[in-house]
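When you get a sec, could you build the whole thing from the sequences and use the hints?
First to last, the protein sequences are chains A and B.
For reference, each letter of the first sequence is one residue, going 0 to 86 in numbering that gives the first Met the number 0.
For reference, each letter of the second sequence is one residue, going 0 to 213 in numbering that gives the first Met the number 0.
Bear in mind the hints are in silico, worked out from the structure with no lab data behind them.
Honestly, I wouldn't trust all of these hints.
[Unchecked claim] Distance windows between CB atoms, simulated: (1) A:E76 with B:D57: 15 to 23 Å; (2) A:T69 with B:P130: 45 to 53 Å; (3) A:L30 with B:P130: 17 to 25 Å; (4) A:K45 with B:R30: 41 to 49 Å; (5) B:L25 with A:L30: 47 to 55 Å; (6) A:P68 with B:A77: 28 to 36 Å; (7) B:K103 with A:S77: 44 to 52 Å; (8) B:D158 with A:K45: 23 to 31 Å; (9) B:P157 with A:K79: 32 to 40 Å.
[Unchecked claim] What the simulated footprint calls covered on chain A by chain B, stretch by stretch (three residues with Cβ under 8 Å from a Cβ of chain B suffice, anywhere in the stretch; the number is not a length): (10) 19-27; (11) 48-55.
Please read these numbers as outputs of a predicted model, since none were measured by experiment.
C-beta atoms are modelled at their ideal positions from N, C-alpha and C, and glycine is treated no differently.
Now for the letters of each chain:
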Amino acid sequence: MITCKECIEFLDDYIAGDVSPAALENFEKHLALCPPCRDFIESYRKTIEETRCACSEPDEQVGCDDVPPTLISAIIESRKLDREPDA
Amino acid sequence: MAFSVSSMEMVPYIPDDPVAAEAEILAGIRRGDDAAFNLLVRWHCGRMYAVAKRILRDDAEAQDATQEAFTMAYKAIARFDGRSKLSTWLHRITVNAALMRLRKTKRLREVSIEDTQPKFDDTGHRRDVGPAWKQTAQDEALATERAGKVHEAIAQLPDSYREVIMLRDIQQLDTDQTAEALGIKSGAVKTRLHRARLALRELLDPYMAGEATW
Ligand SMILES: [Zn+2]
Chain A
0 MITCKECIEF LDDYIAGDVS PAALENFEKH LALCPPCRDF IESYRKTIEE TRCACSEPDE
60 QVGCDDVPPT LISAIIESRK LDREPDA
Chain B
0 MAFSVSSMEM VPYIPDDPVA AEAEILAGIR RGDDAAFNLL VRWHCGRMYA VAKRILRDDA
60 EAQDATQEAF TMAYKAIARF DGRSKLSTWL HRITVNAALM RLRKTKRLRE VSIEDTQPKF
120 DDTGHRRDVG PAWKQTAQDE ALATERAGKV HEAIAQLPDS YREVIMLRDI QQLDTDQTAE
180 ALGIKSGAVK TRLHRARLAL RELLDPYMAG EATW
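Pasting the structure below:
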């Protein structure tokens, strides 16, 4: 029987399905008997999902109508200033 | 190739043929053509600003972060290898710029990865078992609040861990692609990813388990 420590150490492999059948069996045996590890796995999965959601790339057209024109000119101007010293 | 005079207008630009436009703009920027950079800004600024606003929730801060992202992108564009889409590459730079700004404005401290790993006793049991995470609501307001907690948590990661989270969990590259992009071994990517996720889990735990005092 594996310990909670071993279970959590290899959680990423387990979630990715990247473990041998024997290791998988050990894993599932442990989980069946260990509610804290089941909760832990759930929170680990949730962490991955929330991270992806919070920083996902917006759809192609997002923001196109919502750009302050001053922002565009500020960026373009700051580029010119950046370059001035060695121009 | 010459860009038209109208490219100087400060309005968003949406190319008819994004693939061709991307190649032309990249080539233009690399030979120092200002008009090409202007088109890049007008094309991608809106999405980048939207992302920065989502993370910073402040128009002025988001504008500054967008500007910083373009500065970084301009400096790094020679290293852009075209393996990812330009928009994806710019997204990554924007998220990073916005998170670094968030770190500053919220005075968040970088966490020690060691301190945020689960602790075990001699028998291999976890020492700090707390309540399970609650089901997360679909509620829009709560989703926004939750995203805010996640942004703060990612902003607290050391750079080398945040980079791996960006590439693996946010942009969903595989381990080998991430290793190549960062110039480190696949084994290091795997280790850092797991430790970074454990750190994020630990940082989010008080909020997600519903004992939030923050
Ligand atoms: Zn356990």
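Here is how each hint holds up against the structure:
Roughly 22 Å separates the CB atoms of E76 (chain A) and D57 (chain B), a value that falls within the hinted 15 to 23 Å. Here the CB-CB span from T69 (chain A) to P130 (chain B) is close to 48 Å, well matched to the stated 45 to 53 Å. Checked against the hint of 17 to 25 Å, the C-beta distance between L30 (chain A) and P130 (chain B) comes to roughly 18 Å, which is consistent with it. As the Cβ distance of K45 (chain A) to R30 (chain B) is approximately 47 Å, the hint placing it in 41 to 49 Å holds.
Restraint check, L25 (chain B) to L30 (chain A): a C-beta distance of roughly 49 Å satisfies the suggested window 47 to 55 Å. Between P68 (chain A) and A77 (chain B) the beta carbon distance is about 29 Å. The supplied range of 28 to 36 Å therefore holds. In this structure, K103 (chain B) and S77 (chain A) break the distance hint of 44 to 52 Å, their C-beta atoms being roughly 19 Å apart. Roughly 24 Å separates the CB atoms of D158 (chain B) and K45 (chain A), a value that falls within the hinted 23 to 31 Å.
A hinted range of 32 to 40 Å for the beta carbons of P157 (chain B) and K79 (chain A) is consistent with their spacing of about 35 Å. Using a Cβ-Cβ cut-off of 8 Å, 0 residues of the segment 19-27 of chain A lie near chain B, which falls short of the minimum of three, so the contact claim is violated. A count of 7 residues in the segment 48-55 of chain A with a Cβ less than 8 Å from any Cβ of chain B is obtained; the coverage claim is therefore met, three being the minimum.
Of the numbered hints given earlier, the model fails hints 7, 10; all others are met.
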